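K.L.:
Can you build the whole structure from these sequences, using the hints too?
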Amino acid sequence: MNEIPLIFFLWVGAFLFATGLSIILIKRNVIFVLMGIELMLNAANLNLIAFSRGDELNQGLMLGLFVLVIGVCEMSIALAIILQVYRRFRKIDIDQFQSRN
Amino acid sequence: MNSPLMIGFLALTMLTCGSAFYMLWTKNVLHAALAMFMTMLGLAGFYVLAFADVMAVSHLMIYVGGVLILILFGIMMTSQRSVEAGQSNELWTEQKGRFWAISIGLTVFLGLSWLMGQQHFYAFTDLDQHSKLGQVGLSFMLEYSFPFELTGIFLLIALVGATYIAKNHE
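Line by line, the protein sequences are chains A and B. With positions in the first sequence counted from 1, the corresponding number in the numbering used here is that position plus 4. 157 is the number that the numbering used here gives to position 165 of the second sequence; each next residue is one higher, with no gaps.
Hints are not guaranteed to be accurate.
[To be verified] With a cut-off of at most 25 Å between alpha-carbon atoms, the simulated PhoX-like pairs for lysine-lysine come out as follows: (1) A:K95 x B:K19; (2) A:K95 x B:K159; (3) B:K88 x B:K19; (4) B:K88 x A:K95.
Just so you know, these hints were derived from the structure itself, not from any lab. Everything numeric in this text was worked out from a predicted model, so none of it was measured.
P.N.:
Dropping the structure here:
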């Protein structure tokens, strides 16, 4: 049975990472930026899983499962903070925050 | 190259990369959330193709079942209504610096691809193609038991903290 080469997984991971980075840089909505961060996190996770494919100890797989949980924690707390920001300022654009010097 | 595995991989690549690019393209937050759903489905398929079925199932449950609902709730509760009456909800998001962001993303992608093309990865000859569920469960109970418990405590603290932060404090 012929296998999928490892480099194909890495290409997809690199594409997802670059797309997430572009989303973070382009969009002005905080929820959009959060989605870009999730995309980057999952791209890194895909690399972990792809490298752990031939490992008998499943180290990358275990690390990937822990990364999944940490990503969910980050997401829930970030959305709670966004909700609080929206309650206070009625707006969740990134450009609205400017330092007053 | 013409194996069914490879054809499935190509189909999943089109699904995942296409919907990720649509997330970058669109200005509608709701459409982006749906595109993220498709991306997560494609990623779960990739995990299946990498013989990590446990990861695929938990990814589907957590991301499609949990995180997407959270994002939809966030979009719903923070939708900025437009000023003019008669117009529907304002879900469009502003974009700035499109050229620079896309060129930075393209540079990162090409740089990563070039860097990975330089390496010579060890090719595994015989992969374990059986389910890894038993091994993962044993690893959680044996050598990863402390991080497992720590993750549980961390999840509890994060969820309680998120509930407290999202509370109406007035």
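K.L.:
None of the hints should be skipped; say for each whether it holds.
P.N.:
A quick look at each hint next to the structure:
1. Note on K95 of chain A and K19 of chain B: the hinted pairing holds, with a Cα-Cα distance of about 17 Å set against a maximum of 25 Å.
2. Straight-line distance between C-alpha atoms of K95 of chain A and K159 of chain B comes to about 18 Å, which keeps the hinted pair within the 25 Å bound.
3. Pair hint K88 of chain B plus K19 of chain B holds up; C-alpha atoms about 12 Å apart against a cutoff of 25 Å.
4. Of the pairs offered as hints, the one joining K88 of chain B and K95 of chain A holds, with about 17 Å between alpha carbons and a cut-off of 25 Å not exceeded.
Against the hints set out earlier in the document, no violation occurs for any number.
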